[in-house]
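Participant: This is what each chain is made of:
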Amino acid sequence: MQGSLRFDNIEKVYGDRVLLSIDTFRMNPGECTLISGDNGSGKTTLLKIMSGLLKPEQGTVTKNEITLSWIKARPILQSESVYLHQAPYMFDTSVFNNVAYGLRATKVPKSQMEERVWQALRWGNLDHLTPRNAKLLSGGERQRVALTRARIVNPGFLLLDEPTASMDRGSRQQTYELIQRLQREGMSIVISAHDVEAFSNIVDRHFFLEAGHLHKVDIGTKQHKHKSNAVVTPFPKNR
Amino acid sequence: MQEVYQATVDALFLLIAADPGIWEIIGISFSVSLQAIIYITPPSLMIAFLLAYGNFRGRRALVSIFHTLLAVPAVVVGLTLYILLSRNGPLGDLKLLFTQTAMVIGQMILAFPIVVAMAHSALQSSDRVIWETAKTLGASPQRAMITVMYEARFGLFAAIVAAFSRIIAEVGCSLMVGGNILHHTRNIPTAITLETSKGEFAQGIALGMVLLILALVLNLFLGSARYRFEAA
Ligand SMILES: Nc1ncnc2c1ncn2[C@@H]1O[C@H](COP(=O)(O)OP(=O)(O)O)[C@@H](O)[C@H]1O
Ligand SMILES: [Mg+2]
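Taken in sequence, the protein lines are chains L and P. Quick note, the first sequence lines up with residues 1 to 239 if you use the working numbering. Quick note, the second sequence lines up with residues 1 to 232 if you use the working numbering.
Bound-form chain P, shown alone (with noise of 0.2 Å):
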């Protein structure tokens, strides 16, 4: 008890007195999750939109795909993309395996399913009469889409920030293409996994603070958006 009790003031310590290296953890995850993010919100955003207002063959079955998708493992998506990028795979050439960049790719094939299948269920259950709305006043379609994804801004909102959530705290895919190197693909994740191993405990918990404040806040920026939005 006494030894949690000094590394959690240790901890605190090291984010007070802005720690040069915990600090370059805590960048190097932001930095590869929020370029995730921004490299796949667009396209899912796009497919949520034609699964829930396209009329296609297969729309369904497309839907359910994605669902499955969502259940898929981290470590299995760091196990696919290791083989794809290791010196003999396919995509070897490329010369990927242990930067960032495997790591962006990693938390973005996480985050694409996330994304598309909530932001899915916020367009289905938004008002066709949006829709036909914008649609009767002149609007193209492409506009017409934007306003329906205005309209329902708060639900993709929640859906971008649920993907965000989940690739933030993911340790498996990033330790599996990123290797965990020091001052290059050490995040907050794999830091805390491998170094709490070997006794690093006030880095740790640092480290878990970090994204039990991250969640808490944005937590709280989604409740307050959707507590305005249901006030209107």
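Extracted from the complex, chain L is given alone in its bound form (with noise of 0.2 Å):
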């Protein structure tokens, strides 16, 4: 991501439910961020909102100091960003053919298509599978396909939903040992979750959402990392 990202005053409401009510949240490159909350709390609504999927009833984006109506900003979003749904959908081909679609999507020539593909196979450990159907592959493969074929388009900023929820042990180790990579290679990365713990290790900053605003939490005490005791701070307005 180049230069900063900020979202200010977004609005979602479903019925007479104002389910978000964010004042302002800002994303800097290369940082990796976890919101957490309750089941129904927002989180996927929030991520989709910002990949530029889901259309808020109010808000503005500022890029580079310069503040964007939501119209303006939506193919930004959605040409910067790449969302990653709690159960990533495996289109009905090989892994190869997954991991290639946002390449050929995007009209990538052949010839480096395929060699950016077998780069991306390689690094996300799918070498082996490369001819398998993926929709044959269990939770653990199926994460590690979604985030290849994320990754591979180059994105500003990844938007992960629960990437280990309902997964196993050693599914879910390779999980965060893939975002932690990602995190390496510079990434800017926001995480959503609502089992917190495993992912305060590793990202920069943590956000509480609850009744539609985001809350700042500490992450410097390790103890306070559960969110039953978590030090709750209003996010400051406007930074």
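Don't read these hints as lab results, they were simulated from the structure. Fair warning: this is a prediction, and the values are worked out from it, not measured in the lab. For every residue, glycine included, the Cβ atom is placed at its ideal position computed from N, Cα and C. Each hint should be verified, as a subset may be incorrect.
[Unchecked claim] Derived Cβ-Cβ restraints for the label pairs, each shown as a range:
| id | chain 1 | residue 1 | chain 2 | residue 2 | range |
| --- | --- | --- | --- | --- | --- |
| 1 | L | Thr130 | P | Tyr39 | 37 to 43 Å |
| 2 | L | Gly186 | P | Leu70 | 55 to 61 Å |
| 3 | P | Ser121 | L | Gln180 | 42 to 48 Å |
| 4 | L | His128 | P | Ile213 | 42 to 48 Å |
Make one complex out of these two single chains by using the hints.
Facilitator: Following this line, the structure appears as structure tokens:
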């Protein structure tokens, strides 16, 4: 991500429920942010808004000190971000084709494409699965395909929605390792999770989403990492 | 009983001996119905997609209109088209009445709502996550649409097969706007209807068997495709 990205006054309403009412949220290049919150608190909705997949009722985006209306910001968000679903969808084709999808969609020439896909497959430790149908993979393998498929398009930032929910231990560990590798590569990442313990060790910042607001959680002291006894301070208005 | 037995033997003989008369009729049926299906498939799939994924006013009303059109009898479509194409009708100058083109148009009208309605339910029940995944990986709306259709391909294929099965066996419309003219607009269902009434049982049974075999083949084909899909 070049320069920081700031979301202001994001409001999302379903029926007569104001699900999100975020004063401001800033993403800095190379930073990894955790957003925790109970089930139904709006994490998925917030991440989809940040990826441009979902339209909020209100909100502006500021990039490189230029404030954009939502209409203007949406295509930028869409082209800069990749959003990963909690249960990633595998296209009904080989692992190779799944990973190649974004390059084909953006019309990368075939000569370059194949080389980049093989490189990405090695990165995700998927070489041995290449010809397999991605729909037949295990949960952990699917998550690896999803992360590799996202990384290959070189997004400005990655939005990971509960990336380890409903996974066994081994797969979870592999997923943490890949996320940390992405961090080391300088990728800007936002992770949502309702079980925060594992992630709070690897992220730079932690916010707790409650009643539509983001509250900054202090990650300095280890024993406060659990949601139930987290130190919650309101997120400062306008930074 | 003896008569039916004899007619069936004759029917098998007609088919096996490749009687040119009967194969011409079969050829006309396939040519007309395949043309109709080929012409309506792309627009029907597009409309089904827009109805499933679009977000515009009147979407639900349109869906129920297509479901209503499913129930329109073939003879009513035939009658309407006949009036439009008859010499004094608004489209009379086109001189299309009693041509294969008129039959193709009639079958297109019959197949259109079937493909739209069935493809719509296949796409409606397909996962929204497919669309979002395609979009977030940088696909254009057109590309994302093709991806969604590819993932729902067995349902779409079933819609096309169902429409084809209906129109290739449909008699009301073809008879009215085609006229059952030998070597020209006589197809399987019109031949069965009219020739049987003249006592030509063997031909009727032979053609009926062709339709049955076709139905069987299409269903086996669909079934194995679905099986492979669900195994995945
Ligand atoms: N399209 C929708 N229409 C109405 N309510 C919705 C819709 N999408 C999500 N919601 C509601 O918004 C709330 C938050 O959902 P979500 O963002 O998925 O939360 P989380 O990811 O934190 O579990 C839930 O109560 C959900 O029922
Ligand atoms: Mg969620």
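Participant: Determine for every hint whether it applies to the structure shown.
Facilitator: Hint check:
no. : hint                            : verdict
1   : L/Thr130 / P/Tyr39: 37 to 43 Å  : holds, 40 Å
2   : L/Gly186 / P/Leu70: 55 to 61 Å  : holds, 56 Å
3   : P/Ser121 / L/Gln180: 42 to 48 Å : holds, 44 Å
4   : L/His128 / P/Ile213: 42 to 48 Å : holds, 46 Å
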